[in-house]
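Q: Protein chains in written order, with our numbering: chain A, 1 to 279; chain B, 1 to 309; chain C, 1 to 419.
Hints are not guaranteed to be accurate.
Think about it this way: if two alpha-carbon atoms lie no more than 25 Å apart in a straight line, the pair counts; the simulated PhoX-like pairs of lysine-lysine are [as the list claims (entries may be wrong)]:
no.: 1; chain 1: C; residue 1: LYS405; chain 2: B; residue 2: LYS160
no.: 2; chain 1: B; residue 1: LYS160; chain 2: C; residue 2: LYS233
no.: 3; chain 1: C; residue 1: LYS235; chain 2: C; residue 2: LYS405
no.: 4; chain 1: B; residue 1: LYS214; chain 2: A; residue 2: LYS166
no.: 5; chain 1: C; residue 1: LYS99; chain 2: C; residue 2: LYS317
no.: 6; chain 1: C; residue 1: LYS235; chain 2: B; residue 2: LYS160
no.: 7; chain 1: B; residue 1: LYS160; chain 2: C; residue 2: LYS172
no.: 8; chain 1: B; residue 1: LYS151; chain 2: C; residue 2: LYS235
no.: 9; chain 1: C; residue 1: LYS218; chain 2: C; residue 2: LYS233
no.: 10; chain 1: C; residue 1: LYS214; chain 2: C; residue 2: LYS129
no.: 11; chain 1: C; residue 1: LYS156; chain 2: C; residue 2: LYS233
no.: 12; chain 1: C; residue 1: LYS406; chain 2: C; residue 2: LYS218
no.: 13; chain 1: C; residue 1: LYS279; chain 2: C; residue 2: LYS152
no.: 14; chain 1: B; residue 1: LYS160; chain 2: C; residue 2: LYS406
no.: 15; chain 1: B; residue 1: LYS131; chain 2: C; residue 2: LYS235
no.: 16; chain 1: A; residue 1: LYS166; chain 2: B; residue 2: LYS212
no.: 17; chain 1: C; residue 1: LYS170; chain 2: C; residue 2: LYS235
no.: 18; chain 1: B; residue 1: LYS151; chain 2: C; residue 2: LYS172
no.: 19; chain 1: B; residue 1: LYS151; chain 2: B; residue 2: LYS131
no.: 20; chain 1: C; residue 1: LYS405; chain 2: C; residue 2: LYS129
no.: 21; chain 1: C; residue 1: LYS289; chain 2: C; residue 2: LYS218
To be clear, the hints were calculated from the coordinates, so they are not data collected in a lab.
Quick caveat: nothing in here was measured; it's all calculated off a predicted structure.
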Amino acid sequence: MSLATRSLPRTIGAHAVLLTYTAIALFPVILVIMNSFKSRAGIFGAPLTPPTPKTFDLIGYTTVIGQGDFLHYFQNSLVVTVASLFFVLLFGAMAAFALSEYRFRGNTMMGLYLALGIMIPIRLGTVAILQLMVASGLVNTLTALILVYTAQGLPLAIFILSEFMKQVSDDLKNAGRIDGLSEYTIFFRLVLPLVRPSMATVAVFTMIPIWNDLWFPLILAPSEETKTVTLGAQLFLGQFVTNWNAILAALSLAILPVLILYVIFSRQLIRGITSGAVK
Amino acid sequence: MAAQTRPKRPIRWHIGVFLAPAVLVYTAIMILPLAGTLQLSLFRNIEQHQVFVGFDNFRTLFGDPNWSVNFWNALRNNVWFFIIHMLVQNPIGVLLAALLSSPRLRFAAFYRTAIFVPTILSFVIVGFAWKLILSPIWGVAPHLLDFVGLKSLFTPWLGKEQYALTALSLVSVWQFIGIPMMLIYAALLSIPDEVIEAAECDGVTGMAQFWKIKLPLILPSIGIISILTFVGNFNAFDLIYTAQGALAGPNYSTDILGTFLYRAFFGFQLQVGDPNMGAAIATMMFLIILAGVCVYLFLVQTRLRRYQF
Amino acid sequence: MTTKLLTALLLGTSILGTTGMALAEDVTLNIESWRGDDLTIWKDKLIPAFEAKNPGIKVVFAPSAPTEYDAALGAKLSAGSAGDLITCRPFDKSLELFKKGNLADLSTLPGMENFSPVAKAAWQTDDGKSSFCVPMASVIHGFIYNKDAFDKLGLKVPTTNEEFYAVLDKIKADGTYIPMAMGTKDLWEAATMGYQNIGPNYWKGEEGRQALIKGEQKLTDADWVEPYRELAKWKPYLGDGFEAQTYPDSQNLFTLGRAAIYPAGSWEIGLFNTQAQFKMGAFPPPVQKAGDTCYISDHTDIGMGLNAASKHPEEAKKFLAWVASPDFATIYANALPGFFSLNSTPVKMEDPLAQEFVSWRGKCKSTIRSTYQILSRGTPNLENETWVESANVINGTDTPEAAAKKLQDGLDSWYKPAK
Chain A
1 MSLATRSLPR
11 TIGAHAVLLT
21 YTAIALFPVI
31 LVIMNSFKSR
41 AGIFGAPLTP
51 PTPKTFDLIG
61 YTTVIGQGDF
71 LHYFQNSLVV
81 TVASLFFVLL
91 FGAMAAFALS
101 EYRFRGNTMM
111 GLYLALGIMI
121 PIRLGTVAIL
131 QLMVASGLVN
141 TLTALILVYT
151 AQGLPLAIFI
161 LSEFMKQVSD
171 DLKNAGRIDG
181 LSEYTIFFRL
191 VLPLVRPSMA
201 TVAVFTMIPI
211 WNDLWFPLIL
221 APSEETKTVT
231 LGAQLFLGQF
241 VTNWNAILAA
251 LSLAILPVLI
261 LYVIFSRQLI
271 RGITSGAVK
Chain B
1 MAAQTRPKRP
11 IRWHIGVFLA
21 PAVLVYTAIM
31 ILPLAGTLQL
41 SLFRNIEQHQ
51 VFVGFDNFRT
61 LFGDPNWSVN
71 FWNALRNNVW
81 FFIIHMLVQN
91 PIGVLLAALL
101 SSPRLRFAAF
111 YRTAIFVPTI
121 LSFVIVGFAW
131 KLILSPIWGV
141 APHLLDFVGL
151 KSLFTPWLGK
161 EQYALTALSL
171 VSVWQFIGIP
181 MMLIYAALLS
191 IPDEVIEAAE
201 CDGVTGMAQF
211 WKIKLPLILP
221 SIGIISILTF
231 VGNFNAFDLI
241 YTAQGALAGP
251 NYSTDILGTF
261 LYRAFFGFQL
271 QVGDPNMGAA
281 IATMMFLIIL
291 AGVCVYLFLV
301 QTRLRRYQF
Chain C
1 MTTKLLTALL
11 LGTSILGTTG
21 MALAEDVTLN
31 IESWRGDDLT
41 IWKDKLIPAF
51 EAKNPGIKVV
61 FAPSAPTEYD
71 AALGAKLSAG
81 SAGDLITCRP
91 FDKSLELFKK
101 GNLADLSTLP
111 GMENFSPVAK
121 AAWQTDDGKS
131 SFCVPMASVI
141 HGFIYNKDAF
151 DKLGLKVPTT
161 NEEFYAVLDK
171 IKADGTYIPM
181 AMGTKDLWEA
191 ATMGYQNIGP
201 NYWKGEEGRQ
211 ALIKGEQKLT
221 DADWVEPYRE
231 LAKWKPYLGD
241 GFEAQTYPDS
251 QNLFTLGRAA
261 IYPAGSWEIG
271 LFNTQAQFKM
281 GAFPPPVQKA
291 GDTCYISDHT
301 DIGMGLNAAS
311 KHPEEAKKFL
321 AWVASPDFAT
331 IYANALPGFF
341 SLNSTPVKME
351 DPLAQEFVSW
361 RGKCKSTIRS
371 TYQILSRGTP
381 NLENETWVES
391 ANVINGTDTP
401 EAAAKKLQDG
411 LDSWYKPAK
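With the rest of the complex left out, here is chain A (with noise of 0.2 Å):
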């Protein structure tokens, strides 16, 4: 790589920006899951200050791990999460490629047809969509929030994709046709292994909304065994609005699991963006 681009002035502007962006970025993180280890004088009375032994107290996470199953629901949220995630990223991506790979009639207008649902909120088709559940029995499953989150997702992750797969040279899918490779050998050997970073950062964009949903599992799934993570802290915080000291805890056992996962996946996620630029 280049020398001439890396010069010190250069080098210590740049981390000075990107710490301090870093440092707005995480504050208001850190400082919920400090206070949620101080007790409630020790929140009201200096909420900069780290824990010390004289504010430090638990009370706040017994409250919360007292009142409901958060394991469980941190599972639902992980299932529904994953499934929902894993048919949004297949479907897309054949959609997407067979919108940006063939010159068919009615191209433009599927495509034009597949993005419509990012331009209204799903939300509105509630009533609609619950009718549906109630009429095929799917009320209080984990399968119809996976369907809505896959339709959801889907319209989002074609129109990033078919971008994206439009960059994928042509050469490579002529030669493999000329080797004899079925359509479908083309799109899954060749063309998803080159999509891969395009492929993570829709994941990353698809899953969020989906674990951080709360109307759909109130509305389609909030019995107890049902229930998301997501929607177990905001009961949760409509129960103690004024005891700061659950609320911040619920809110720290909220964010923790999403944080590990997203550290986890980010990982992957830079693979993924690393591999496709080397090529």
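Go by the hints and put chains B and C onto chain A.
A: Only chains B and C this time, still in chain A's reference frame:
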């Protein structure tokens, strides 16, 4: 184009196979329910019966000041919300991505991970955490300002009509900056090394290299980000709702189309939800976003294509 | 297609399942509610009390957050997946559900005779012929104060406006306490704890409220503007940055002992008892001149109805009849001090603060919140606008007169009272 006029092609079943699962799920669970809702905008509930009224609901929306004032207010606020995102979120996102992609930067992985953290948080957490930080009672923001000797600058931003919307837009920027950063970062990394090396042979380095070589190459990604921001902003709802409530106070100063729609469609407190008027508002939102997306697809994107390699 | 197949499969299994077990199976009733706070009381006290007397019926209390309750309930009712028992908001929200056929008619439910016409009025059709929810409780407005602070500063409980402001001035001059814990960020505090709290003294309770509905009075009349003038005077006594102070902020300010007076609703009692480390007292909204009749807002707030689509209407009615009984009233009112039973049989309450609130019923005239009945049916919604304008008045962004005019103009645009 000429390639298309090949004579007699067999039916390409694989296109159908590739499209079918997505189209089926999407149509059944998203399009049909949404279409069902949007068509409500042409009806009105009279004595518990849905009666077809043509465009009357839209006439009410724009003609009756009780609706139109709120609609234009929400639209105006929404435009401001979008402008702040375009002016703050996307430039900072590009800057961070450019810095991160500089070769052999130490701790790049750490920065990247950390800056993306807010994006993965739920609105419940973001709304609550920022309400606490900006709260005059809890005192984090006044403390911090005091620390740098600027305590006099503190005002209860979320409670003041002139600041609340801007403050919330910036919170939203804080939350979502990871998205443009990641997309641009990916785009920057996928610029072929030969291009950069060729530029360096010509003596184009540093800032000049960024402006002249890299920026044109990442323009398509910036295009995607802009349209995603546009769509996201005009569909936004959750942050305002969790931070300010459905009435989007003070005095409707943070009311955007999403919150306006929510009140109309689902009702609020004693206000009984009116799915018909709600559907009319949703239709308007849909048309606004559709117009934006069309501008992007047919004007911006075709021009950006030229820069592709 | 898969869903159809699934439907068939699921239907198949459920039919097989029910025929086999129909005899042994308990009936389960689900309660829809926005009162997440009461979860433990229902679970540990109310439901066991009912189940002990009614073997074979199981009851599940399934609350959702208050902000989402109406929207979520509406969606579930139209799709047919709502619970058997519906917690009712007062007046038009529930009336609308009844008109849509979502709530069953309960006029003949045994136990309904335990309630006075006033109590039932919140859940009746306009002609008073059909009732659709069993009244559960009302809440009373007033002010809760920090007794320790009052003793320390040598303050007497105010009964007139003049005394009220004298007390506030003294607290402010002393500087130890924020005189009054109230914020305008959430809007509803300003309207509910402010306007609806002190207002009845000015518009003379029911007299003014009925006149407003009949169109004989307007919101721009002196009686209705005066409470706004009073609210505007509150601004200097509120804490720093009250514009961004939320409802929980206010509660915390008071229970942490940092504020002396809290404009309250009686529902706060339970929470304050557990959180405050000092003695508390309460006083009704002060009157204009000594000797004036006092009026209080004793608002019918919560009831329970039967989902018309319930699969177990008989069991659900059994439960509702129990909710209408004095037994329920005693457990409920004592478990939730501040939610006062509407049952005609007097309930003995243990909590001193709750006793103080309820004692006002004897000396003052009761009314309900002025915006709830009929007047919030149209667009713009009077209740929502009252929230916004009350906050504006306290923030100083609207004058009392301008606020009143906006409200009346909004009302005039759709409400045509029969004269």
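Q: Indicate, hint by hint, whether the structure satisfies it.
A: Now the hints, each set against the structure:
no. : hint                : in the structure
1   : C:LYS405 x B:LYS160 : holds (22 Å)
2   : B:LYS160 x C:LYS233 : holds (19 Å)
3   : C:LYS235 x C:LYS405 : holds (21 Å)
4   : B:LYS214 x A:LYS166 : holds (19 Å)
5   : C:LYS99 x C:LYS317  : holds (20 Å)
6   : C:LYS235 x B:LYS160 : holds (14 Å)
7   : B:LYS160 x C:LYS172 : holds (24 Å)
8   : B:LYS151 x C:LYS235 : holds (22 Å)
9   : C:LYS218 x C:LYS233 : holds (22 Å)
10  : C:LYS214 x C:LYS129 : holds (20 Å)
11  : C:LYS156 x C:LYS233 : holds (21 Å)
12  : C:LYS406 x C:LYS218 : holds (12 Å)
13  : C:LYS279 x C:LYS152 : holds (12 Å)
14  : B:LYS160 x C:LYS406 : holds (20 Å)
15  : B:LYS131 x C:LYS235 : holds (22 Å)
16  : A:LYS166 x B:LYS212 : holds (24 Å)
17  : C:LYS170 x C:LYS235 : holds (15 Å)
18  : B:LYS151 x C:LYS172 : holds (23 Å)
19  : B:LYS151 x B:LYS131 : holds (18 Å)
20  : C:LYS405 x C:LYS129 : violated (35 Å)
21  : C:LYS289 x C:LYS218 : holds (24 Å)
In summary, the structure is inconsistent with hint 20 from the numbered list given earlier, while agreeing with all the others.
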